[in-house]
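Protein chains in written order, with our numbering: chain A, 1 to 110; chain B, 1 to 110; chain C, 1 to 110.
Calculated from the structure, these hints are not laboratory results.
Everything numeric in this text was worked out from a predicted model, so none of it was measured.
Honestly, I wouldn't trust all of these hints.
No copy is singled out in the list; a pair is fine if it fits within one copy or between any two copies.
What the hints assert, rightly or not - Straight-line distance between alpha carbons at most 25 Å, and here's what the computed SDA-like set of lysine to any residue pairs gives:
| no. | residue 1 | residue 2 |
| --- | --- | --- |
| 1 | Lys49 | Pro83 |
| 2 | Lys49 | Pro13 |
| 3 | Lys49 | Gln105 |
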Amino acid sequence: MTLNVTLMLTTVPDAATADRLTADALAGRLAACVTRMGAVRSQYHWQGKIESADEIQLIFKTSEARAVDLEQFIQTQHPYDTPEILSWQVAASNAYGQWVDAETQRPIHV
Amino acid sequence: MTLNVTLMLTTVPDAATADRLTADALAGRLAACVTRMGAVRSQYHWQGKIESADEIQLIFKTSEARAVDLEQFIQTQHPYDTPEILSWQVAASNAYGQWVDAETQRPIHV
Amino acid sequence: MTLNVTLMLTTVPDAATADRLTADALAGRLAACVTRMGAVRSQYHWQGKIESADEIQLIFKTSEARAVDLEQFIQTQHPYDTPEILSWQVAASNAYGQWVDAETQRPIHV
């Protein structure tokens with residue numbers, strides 16, 4: 001396991017947002033794969049109160065080279081002012097890591 | 001992405017335990033956010049047999065500075081003798097990382 | 001938190017595959033615990049198109065010493081040509097880390 005892949009996690013409020021972020025990230029080759037987890041419930045501090053929200057969690061799989069672009073995309077397109085965008089490096093099986101690298105090559109004409 | 005956030009994962013046997021750990025961790029500012037994943041099934045070795053349990057997975061988002069306190073809290077409050085408590089550092093988008101830091105400041109009077 | 005545990009993630013197409021991989025990995029002491037997440041939906045680039053698949057996500061908890069064997073097992077037994085096999089190190093609570101180490105000792109006769 002020598003190739004690294006970046007996992008980037010965010011949570012969105014609804015399926016329409018999940019659909020849009022997923023489609024646009026894939027179309028722009030900002031990620032090779034997006035996994036949508038089932039519904040999650042987030043509870044958190046916000047402006048002095050404890051809030052609760054039902055959300056959808058997305059995990060993007062991208063190359064280290066594209067992670068900065070993907071983060072900027074999520075930050076810009078996400079409906080929240082302070083979206084949760086968390087990322088970390090993982091070791092990938094060789095063929096999977098090569099696939100992620102190949103599928104996240106920056107398009108020549110953008 | 002320069003700020004780090006600690007993800008801490010545990011699994012609990014039921015919703016009542018998930019509610020209690022979530023509420024108490026947030027009230028004590030041991031985490032800024034707790035995400036409850038849908039039901040998961042754990043299969044594992046235990047005392048010479050392979051067991052299966054339906055559980056709820058919780059992911060706490062906290063600062064590196066509060067991670068030790070959060071781990072101790074989970075260890076003490078968790079109904080299992082050997083709870084699964086796993087943590088790792090992730091890179092956070094700036095505003096989210098700052099929010100986690102701010103919301104997990106140790107209270108002045110405890 | 002001083003002991004490390006390896007989390008290894010894969011996605012499989014159906015419950016029968018999840019059952020088989022889980023049972024065989026545990027029987028071979030390639031993992032101490034396997035957590036099956038609820039259904040996930042993966043969307044990804046494949047051979048020039050964007051595909052979508054409903055899958056089951058599995059997270060294996062193993063020791064660093066056994067991670068290579070577990071990866072090889074998944075690679076060999078997985079029905080996909082290019083399975084997603086991603087792994088990373090996490091810090092474990094002491095008792096849990098010791099349990100993972102103990103339960104993933106290589107069997108004497110294999």
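Q: Provide an ascending list of the numbers of those earlier hints which the structure does not satisfy.
A: none
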